[in-house]
Structures are given as structure tokens and as C-alpha cells.
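Chemist: What follows is each chain in one-letter form.
Number of protein chains: 10
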Amino acid sequence: MSVQAKLSPLSKRLFEAKRQKKLSFEQIGSKMGRDEVWVAALFYGQAKPTPEDGEKLSSILNIPQAHINDDLGPEFFPDRGGLMSIPPTDPTLYRFYEMIQVYGYPMKAIIHEKFGDGIMSAIDYTVKIDKEEDPNGDRVKITMSGKFLPYKKF
Amino acid sequence: MSVQAKLSPLSKRLFEAKRQKKLSFEQIGSKMGRDEVWVAALFYGQAKPTPEDGEKLSSILNIPQAHINDDLGPEFFPDRGGLMSIPPTDPTLYRFYEMIQVYGYPMKAIIHEKFGDGIMSAIDYTVKIDKEEDPNGDRVKITMSGKFLPYKKF
Amino acid sequence: MSVQAKLSPLSKRLFEAKRQKKLSFEQIGSKMGRDEVWVAALFYGQAKPTPEDGEKLSSILNIPQAHINDDLGPEFFPDRGGLMSIPPTDPTLYRFYEMIQVYGYPMKAIIHEKFGDGIMSAIDYTVKIDKEEDPNGDRVKITMSGKFLPYKKF
Amino acid sequence: MSVQAKLSPLSKRLFEAKRQKKLSFEQIGSKMGRDEVWVAALFYGQAKPTPEDGEKLSSILNIPQAHINDDLGPEFFPDRGGLMSIPPTDPTLYRFYEMIQVYGYPMKAIIHEKFGDGIMSAIDYTVKIDKEEDPNGDRVKITMSGKFLPYKKF
Amino acid sequence: MSVQAKLSPLSKRLFEAKRQKKLSFEQIGSKMGRDEVWVAALFYGQAKPTPEDGEKLSSILNIPQAHINDDLGPEFFPDRGGLMSIPPTDPTLYRFYEMIQVYGYPMKAIIHEKFGDGIMSAIDYTVKIDKEEDPNGDRVKITMSGKFLPYKKF
Amino acid sequence: MSVQAKLSPLSKRLFEAKRQKKLSFEQIGSKMGRDEVWVAALFYGQAKPTPEDGEKLSSILNIPQAHINDDLGPEFFPDRGGLMSIPPTDPTLYRFYEMIQVYGYPMKAIIHEKFGDGIMSAIDYTVKIDKEEDPNGDRVKITMSGKFLPYKKF
Amino acid sequence: MSVQAKLSPLSKRLFEAKRQKKLSFEQIGSKMGRDEVWVAALFYGQAKPTPEDGEKLSSILNIPQAHINDDLGPEFFPDRGGLMSIPPTDPTLYRFYEMIQVYGYPMKAIIHEKFGDGIMSAIDYTVKIDKEEDPNGDRVKITMSGKFLPYKKF
Amino acid sequence: MSVQAKLSPLSKRLFEAKRQKKLSFEQIGSKMGRDEVWVAALFYGQAKPTPEDGEKLSSILNIPQAHINDDLGPEFFPDRGGLMSIPPTDPTLYRFYEMIQVYGYPMKAIIHEKFGDGIMSAIDYTVKIDKEEDPNGDRVKITMSGKFLPYKKF
Amino acid sequence: MSVQAKLSPLSKRLFEAKRQKKLSFEQIGSKMGRDEVWVAALFYGQAKPTPEDGEKLSSILNIPQAHINDDLGPEFFPDRGGLMSIPPTDPTLYRFYEMIQVYGYPMKAIIHEKFGDGIMSAIDYTVKIDKEEDPNGDRVKITMSGKFLPYKKF
Amino acid sequence: MSVQAKLSPLSKRLFEAKRQKKLSFEQIGSKMGRDEVWVAALFYGQAKPTPEDGEKLSSILNIPQAHINDDLGPEFFPDRGGLMSIPPTDPTLYRFYEMIQVYGYPMKAIIHEKFGDGIMSAIDYTVKIDKEEDPNGDRVKITMSGKFLPYKKF
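Protein chains in written order, with this note's numbering: chain D, 122 to 275; chain U, 122 to 275; chain R, 122 to 275; chain H, 122 to 275; chain X, 122 to 275; chain P, 122 to 275; chain C, 122 to 275; chain F, 122 to 275; chain W, 122 to 275; chain V, 122 to 275.
Source of the hints: derived by calculation from the structure; they are not laboratory data.
Yeah, the Cβ is synthetic: ideal placement off N, Cα and C, and Gly gets one too.
Hints may be right or wrong, so weigh each one.
Heads up, incomplete: computed chain F residues facing chain W, CB under 7 Å, no partners named [unchecked claim]:
(1) E147
(2) D200
(3) G202
(4) G203
Turn these sequences into a full structure, and let the hints steer you where they fit.
Modeler: The structure is reproduced here in C-alpha cells:
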């Protein structure tokens, strides 16, 4: 099933409005005071907006706030993580996945050395994407930050 | 099958020597002039050393260079990516995986907006892990850099 | 593969010593000042002991501390979650799994109502098992406590 | 497939009525004399109501009883357990699952020590969720109770 | 992996002793006062014997009781259900499986009509196999009996 | 996908007529001279009726015979076994499945002892469900009968 | 796992003896009065010999009959169907599988037209392989014969 | 998903026309000068007709040739092999599959002995189904013929 | 799910227009100045056209450019790789897959010998298909060219 | 399981001899009069040598011919295709696989246009790898040639 077919009707409407207004996620993000990756996550149904986020979205995309409230309001809770097939077939997504297949255990080992027995949170977490210009070919820079959570002993 | 059971005899020997010498990957990395994550990848059989890397490893860990050459020499090529079950069961590894399940499509969308149709290379790629001290709990910072590769049209 | 075949040599030795000394996890736990479930997790390689835990284990089970240190010492980090097949075939384990298949979404909905958008941590987490005597048949009582982690917006 | 797409038409109607009346599961539960988790299970099609439950639901949500009877009446039997993908991709659900992957065998071992060879019933079973306020961050408390069922020898 | 490779050393020893003494499960069962299917389950590591069962097994098969106690004694708890691949490849096993694929929902529907919302226990359960002689070809008769467990409402 | 979504339009119509006429499978079965399990199998599209079965069904449920003939007539052949996910997620179905996971090899061993190398047919096969009243809780009794088919040597 | 690794020790011995004696399956089959495919099935552990088959095998391959009896004697029952991965990766095996993927439903339809609702037995079944010489390239001819089993109505 | 749901609109129309005209595949095949199995394959979308086949089909089933040309014309190429789940759940299909699971390696071994290293083609391939009357129960006879293709060395 | 069902509405329209205009991919490709394989990839939603490609497509197939722009315009990014089941069931596709199963490691070994540790890019990549006439049967010639990317050490 | 663990003892010996003699596949191939890819396939157990190939291999690698004959002689037939996990985790192998996921249907469409309904043989097949020097980065060139096999109608 294509990712489009998995989107909720409101998500489809958000994407359609964005296309018609020719707005980038960066532009929407800067109007909302949010990072562009988080805004994209919102469009894909992977994040929950605050009421203020909802109001801004409504005015930026010209979608009645009641519609946004119906689908992204207080009762809404994202059912996350179901967009991607496992493993992902799309090459751009697969590369993210491959980075973890190849460097996952090494990263776990380094986190253990620096922090001890625990995990890097995927909830108290942010991710940012930057473009690094480079004469040998521009580079994608991803910066992730997650709280370290030590395993509780009991 | 445990990750230990999947390691080559030389990998096991590297880990054992590291443990006995009480060396961290950071210490080994700084002696080798390599990043600690890459050194850990080498230990896990996920990277191929240059002859100079092999010599340094031999002298740091006190393992005869011939042994390193036999298993990590010119004929050796890593068979990468097979350490982890899919999806990973270990929580530290799973969180990396979850980050991609939740933020994968949003990241792909932002890369498309900033760079166009293509991928972030997982080959011409580096990854670095830092500790950010924080009064609310220290944070793990991961910085990835990969060359953008545009899809060729033909 | 049977769960025994997946245990590390030290885990097997811990189980063997426990059997020969006819000690229950409850008895070992009360000597160590730890809950019995956590102690069982330690035996199954799913938890990392502090050095003090290691010393106590050594004296309770009469296993040289150096051996415990080699396998459960500072360099050790558990590779968690790999004991069970998915879904579990053993009926006792399967029932835990079924509880989540049937009541998972309802529980997620209630957590959302009481706490908002986020998760119950499986890391800052404890679990306890009690026996409730009942004339209609004794009951197993499981009490889990996990920190609520709200999703970060960025 | 999203969880919404898996719900029956009546389930969707129940959720819609709840949203419009701005009722929480706790409020519906206290009107029905049922626990909120069980009520949520009913909404998700994972439980079967008694005729009295049906009447109360009808009056609380203002849905004609005949409609409820058609879909949740005597002929109805839940086809349970199909809401979730395996393993779950949603992080809130995944954490429940991870708790079992990590602590499943330890819990089985403790049940065996306290009760003998058997299982904790997932049928003669209740589950309750409470909020524990905590200055270090509120905690989710889950209390499960299931009848112990010893394996029959024959 | 063959089923033999999955058996514990004691299971292999039980089968070997049975073969050398040319005893059928029926003969062992009648000496033990147990049904032949349950005895076979014991040999395959799918059941736990009482101490008396262990004594009888020891004397019938001429295996020192201490050996039986080590592996099937009070500390032992079966890790059930892992013998078979899913779905089973062996035709005899597959037919059992196919009976459920074809008649599973019909059986569930009839149980619901006769008993209400609940399950047939696989724990408080017995199964017996008889040979029915028939001029058109002998027939296998399987008789299963399991306690009905109604779903608890809470 | 829910089991309802997998039913053919005629199956849905049969279930609807049964519900409106408040007939049990037992009542339909006794009018048709068929066992209730087989009738349920027919409703689920897992069996093929004779023309006489079709006539009776038509008159019992008041569905024009031409409609039944179109979908269950001479050209119809059931595409069996596709209703259930593998393994089944519904607890009632799962228990049937678990009985085979736990007792499958023991049952195969007993069949071999009583009959020789072969299978119990799932085609020349009947299954019956009875209610056994019991003061300790009523019991479900399943009686299966299948022709023994010896493996041909050639 | 390679097919060799899945063979029993006796199977390996049979193959080794066959290789040393430079006997084809056709030669062994004609000495035993069995078809070559069935003999190959016996070597792969997929068939059970009669005592007379065992005696002949012993004398043809010069293996003590007691050894054959230990592993292929009255207590032995084949655990069939586990040699092949699903789907098979080997091209020769895969083609057999593909024939069924492409022509399976058509074959089922023709069997239904010629015989009615039922199956072609894989137990009361023989298979023969012949070489058809052809100037455009020799052809493999497979002839299968299986008893038709009509579905029982009950 | 049922096999019907996987058929193209034209396939459904072909089946409907065949049902209304009460034609068997054998009758259609003899009018077309094709084998009945191949005709059934055509109906299931597993074969491509020549223009002459299309004309005959059009006149036999009274479907305008333009319609047949649109869907089965020169641009059409079958997307084969997707009708069946893997492994098949339907017992008639499963038996074909089981024949290969049990006799696959033996058949490969015999082909190697008779022809050398190569495969039996599933493309330059025919399959025929006959009814063999037999007082002990009629038998299904399947005759397959495929060109032997030796592996090229290069 | 058939590949047709996975295509976007615009893809379906492109295929329909191509069929009505009786154009081959080669003809469309030569009008666009693109290789026929790339054009087919575009039709299947596996490639992104430049604005000039879009204009040409619009005029060749007589589809308003606005429609092409809506679906293949600057906002569009292909979600690649999801057309095929894994492994592919269609024999033509499966053969490509089998070539890699059989010759994958050998090819990796040769690339390592000729280039060192790295990959052949699937992004900076072209593929061409030619017909080689041959009296023994025409041959398909596939020529692939991909940039070698050496693994970065860091 | 690593690819090394899947190799036969003779394969391991061939690789070891090659390493000690510091021979490339190209050098071995040119001594044998075979392409280097085919020679690598032979080393990985994916091809069968002629007796002359065996003699040459024996003399080039200094391995007694009897040893080669035992494992690669007339009785040997490769069990192909089992080296790789599906999908492959190694990035070099994965890229081959991705090329087919992305360009598979387009390639099938072009083959249909140029040749008609059929396949490109993976048996009557050759593959060659060349290095194309390029100032923008060297390129890997893969040339595959396979006989076109038209689908037989019958």
C-alpha cells in the first residue's frame, strides 16, 4: 500500500493545501515557530499539535479550524510508526535503515561507554536536517538529540 | 542468535584484548586517529581497516599483525548488516529504529525540499556520538553526515 | 532454539548454582535487596548488576567474583529482548502477549486521557508479581510502574 | 492499515458520539458501573456487553438501542486481537510489548516459583490504569489480576 | 531444525530407553496411570511430571531417579510450544493445523452459541486418541475436553 | 482484515437472515439434517452444499434459491482456509492452535504407534462440539473423526 | 542451513555409501523393486521403509542391518517436509514451486470440474520422472497419480 | 484476500459468461483447440492468448472482441504467480505444495542423475490432468512436461 | 495486490494513453530523448521527470500539462520500490531476483577485487536492455552501469 | 548466519588456498579459461565444474584432485541460492536487489515489448563485470546475457 493511501483525510487535505499555496515545510515551520521536520511529521500524522499549533495551521493553510480540531484536536492521539513497510523499500528511507543495520551495535557500544546501561529516548527527542554545501557534492547533515534514560534497577 | 555468536573469531579476540587492557573505544580511536564509532564498527566486523589501521590495532592491543592481516587484510571484505534482528529486539537499538519509523517519511520530505530527488548516502557517510550535559538529564547527540546523491535520469 | 540454548555460559552457571543451593529468586532477592523479578531478569541476562549486586551474587551463590565480573562487569551491556520468539509459543508467555493484543489500544486510549500524548517508559520501569489467595482459585497480580514520557514537540 | 480502518461501523459511531459529547472513558465507565479500560475495550470491539451494558451505552451516548443490539447483541462475538500489527509499530503500544520481551521469562519463572506449572489467565483477567503523581515525573501504574490456571495432567 | 535437535538431553535419553525396551507409550502410560498422549507430551518436554510420575518413569525405563529429578524436578518448568515450525511442514501435523484453518471460525461460532463469550481452555484440557476400526478404512478419533472459560467483564 | 470483510456477499446475507430469524446453527442444522459445525462451515464459505442442502437453506432462511445457486451452485468450489490470520490473534481460535503446538508431536507419535506411517485425513473428516455440564465449570468436548491414510510406497 | 546439514547421520551414511559404490538411484531402485524417486525420498528421510526394504538396502549398500534398523526401524516415523526453505531458493526446486504458483488455481478448477469438491491425495500418491528425448532439447516428464478424496459432508 | 478479489474485471466477466453458458473448461478448450488447464490459466490471468485465441473466446462466450482485446491484447502481459498465498491455505492447493515439500529434493536428485546439472523449465512447459477410474477410488493423474535446461558455464 | 492496483491515477492514465496511441516505450523514449527503461520507470512511478520531460510527455500523450504537473511536478517525489512483492511471484521478475541470489556474492567478490571495499550505486545508475539475435534463440542483454562508491573511513 | 558459516568445507579450502597463493579470481579464471564471475560462483558452491575444470583447479591451487572430485565430482549438484538472506542486509548485495525493486517492472515491460510474453533465462545466462574508468569516479559495468524463453501455449 502506498504511503498516500495510509494518510488520513485531513493529512491529504493538509498536503493538498500546501501544494496549492506552494509553501515549503520550512516556510510553514517558521510561521508556526516549529522545526520543519516536526511540521512534516504533523502532516504525516506522526505528531500531535497543541491548540495553538492547530490555530496557526488553520490560518496558514486556510482550513477551517473546526476541521483541524475534529481530526487533530484534544481527542486525537497519533497511531505512530505505521507508514513504512519493514524493511522500507524506498531507497531514501532504506538508507536511514541501513545506517542502523551497519552502525547500530557500534552506536549502542559507544552510548554504553559514555553513559552506562540505558537508551537514547525516541520520545524526548528532536531531529534536524541541514544542507552542508560542499564542492565535492552537498551533504545532508542530520542532528538528533535524545535524553539518556538509564535502566532502573528494582 | 546472540550478537556475540555472530562475531568472527578475530572480532572476539579484539573485544577480549580491549577488555583486558581496559581500553575504551574513545582511547583506541584517539590512538588510531579514527572516530570511536568507526572503531567500534571495526570491532563488530562492519568496517575494513587500511593496512595502517591494522598495524596500529596490532600494536595497541598486542595482537600479532599477521593474525589481523589474515582476517582483516586485503582479501577481507565486510559482510555488513547482519548483526541485528529485524526489527531489533534490544531497546537501545529499537529506539534508533523507531526514530526512523516515526520520522522517516518526514525526513525524506525535508531532504526532497532541500536537495531534490535523491538519497543521503550511507556509504560516503560519517556518524558521531556526543554527550550533552543537561541538568534535566544528559542527552545523547548523534550527528550524521552523508553525501546527497541525486537520482540519475537516463 | 530453546531459551536455555540462548543463555550465556555465566547465566547457565547462575541457574545451576541456584538449583543446587535450592534457593528461590525471592530468597536471593531478599539477600540482595532487590525484587525477585529483577533478580530473575539478571539471571536471564536482561539486566546489568551494579558492582555491589555482583559481590552479593558471588557470595550468595558461591561463584568467584572474578567470573561474575568478567561477564557482568563494567564492560558488559545486556543485549535485551532476544529470548522470546515472536509471537511467543509458550502459553504462559503468550498470555502476557495476548493481554496486550486485546487490551493494548484500550490501554493506550486511557493513558492518553489521563496523561496526554506520550508513552509509559519501559526503562524507568518496575514490575512486581504477587499471589492473591482466592477461594475461587488463586490469582496472579502484576503491578507495573513506568514513568510517563510526553512526546517532545520541536 | 490504520486502527481506525479496522473498526466496525458501530465502533466508529461510538467514538464519534463520545467525541461530540466530550465524554471520557472514565465518565462513561462510572455511569455504566464498569472500569474505564473495559469500556475502551468495548469501543474497540474487544469485549462483549451484557444487555444492561447495551442499554446504558444507548442512553449515555444517545444511540438507538436497536442499533447497538444489531451489532453488539446476543449474536455478536468479538473477533479479538486483530487491531495491532505484530510487533506493534506505535511507540506506546510497543513499550507494552517490550516489557514482555525483556521481562517475560523472568515473570514466567516467578509465577512458576509462587504457583507451580501453569499460566496467568488472560480471560478471567482484569486490568486497571492509575496515575501516580510524582515530583520526578508522573508515573503510569498498571495493575493486572488474572486467575492462576494449573496445567492439567491426564 | 529437526524436532530431534530441539529435544533436551533427557528427552533424548527417554526416547532411547523406550526404544531399547520396546515399550509403547500406551504401555508406559498404563504402568504410570497416565494417558498415552500425556506421556508422549512428557517425552517431548511439553509436560511437567509430579514426583510420583518421576519415580515411576525412573523404574519403568531404568534411568536413575536423580537424573530425572535434575531435569524434570521441582525447578523444571516446560518451555512449551516450540517444537513445531509455523505452519508445520510435516503432513501429519499439518492436517491438525488445516482442520483449524478450515473449521476454526465455525467451531468458535458453535462454542459461542452453546456457552457464550469465552474460550475452551488449553490448560484445563485433556486429549485422547482412539482407533475406530472401519471396513472402509480405520479412523482416528480424537476426543478433546477443555473447561469453558467465560470472558470476565470488569 | 476482519473475518467479516473476508466473507462473500452471500455469506453476509446468510448471517443476516439467521440473525433476523433468530435461528441458531443447531436449529438450522436439525432442519437440514446436518451437524451444526458443518452448517457454520457452510455459512463461512468453507463447505459446498449439495443441491438439496441449497433448497433447504433457501426455504429455512427465505432466500430465493436462484441466489443461493448463483453463489453456492455446481460451479462453486470453496477456496478454503483463508479466514484466519496465522497464527490466529483471537483467543478462542488461538487456543485450538495452541493445543496443536503443545500436543501435536505427541499426537503424531500416538497415531504412528496405533496405525503406522500415515496421516489422519482432514477431508474424510467430521468434527462435533458438545457441552459437558460440570459443577466445576462446564466443559467443551470436541470429537473429531478422520480416516487414517497410510503413506503409499512405490 | 544447507540441505546436507539437515540430514540425519544415517542419511549421510546412505549417500556416502551410494557415492562410493557408484550406484544410481535407478540401480538401487531396480534392485529393491522400488521406483527411483521413492528411493531418493528414503535417502532424504522422507519415507519409511518396510523391514524388507531395510534388508535390501543393507545388502545393496553394505551397511549392517542393525544400523538401518536403529534409525529406520519400526519406531522411526519420518518428520517430513522440512528440507526446503519456503519458498525454495534453489532454481530447480523453485521451478516446481512456480508451476504451482502459476497453474495451481487452474488445476484446482479442472479437478473440481472432473471430480467435484475435494483434493488429490499427497499420501496415496506416486510420482515418476522420465526423460523424453527431443531434437529441440530433451524434456523432463513428471507423472503424478493421487487418489481423489471428496470432502465429507456431515 | 480471496482469489476472486484478485481477478481483473475481464477475468470476472469470463467466469460469469462461462457460468451462464454452463460451459466447462474442457468444452471451451476443445472449441479453442487448447488444453483445458491452459484455458483455465487464461481465465485466471496467468496466460496470454494469441489474437486467434481472443477471437475464439469472443465468439464462444459472446463477449465483444474489442473488450477482450483491451485487456488481453498485444499490450497485455500477465503478472503471474500472485493468486496464491504462500504457503497456500486451501487444502487442494496445499497438497500440490506438499508434494514438492516432501518429494522436491528427491525429484531434483533424479533429474540430476538423468540429465545433469540444470532445471526443468516452467516456461517451455505443459501440464495435463486426467481422471483415472479405479474401483478403490478414482485417481487424479497429472502429467507435466518441461524442457531440460542445462546450466551454462562461462 | 496486483501491480495495476498499486499505480497512481496518473500512472494509469499514462498507460491508457500509451495503449490508445499504440506507442511503444522505445518510441516515447526517442521522442523524449530518454532511454526506454527510464520512460517505463516513469510510467510506473519509479522516476521523477524534469519540467521538460513533463512537457514532452504532455504533448506526446495528449494529456494536459497541468495534470502531469499536479502529480509529477516539483512537489512530487517517488516512493520507490513498492511495486514488487518480496520475493517476486512473477517468473520474469523472479529470474532477475534469482540471478542475484545465485551470483550476488560472486559479483560482490569481483567488485571487491577490482575496486576495493564499497558498493555499485543504484542511484547514479543506468540500465539498458537490448535484443541480441541468435540462431539458437534470441538473447536479452542487460547492461548496467553504476558509480563505484568506496566506504568512507572516519 | 554469516556467509562463511554456510560454505562447504571444500569451499573454505578453496578460499584459503586462493588467499595463500595471493591469486585473484581473474588470474584463476584466465588459467582455467573461465570468466572470473563464474569462478567466484564455483568457489561459493553456486556452480558445477566439468572434470577438466576440476583438474585445472586442482593444479592451480595445489589441492589433490581426489578431494575436489569427492565434493565437486559427478555426484555433486549445487544447492543454489541459499547464501543470501532475503532481503540481503549487506549494502553491496542490497543495491543489486534495489535495482530490481525499482527497475524490475520497467525491465519486464521492455522485454515484453521487444520479445513478447516470456522470460530472460537465469540458466542459459552469463554475467560479466568490468571497470569503467571515469574522471567523476570509476563505474561498475555489469553485462548480463540470457536466452529469451517464450511462454509455451498448450
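Chemist: With reference to the structure, classify each hint as holding or not holding.
Modeler: Checked hints:
1. E147: Not OK, violated: F/E147 not within 7 Å of chain W, min 26 Å.
2. D200: holds (5 Å)
3. G202: holds (3 Å)
4. G203: Holds - the Cβ of F/G203 comes within 7 Å of chain W, reaching about 5 Å at its closest.
The structure is inconsistent with hint 1 alone, although it conforms to all the rest.
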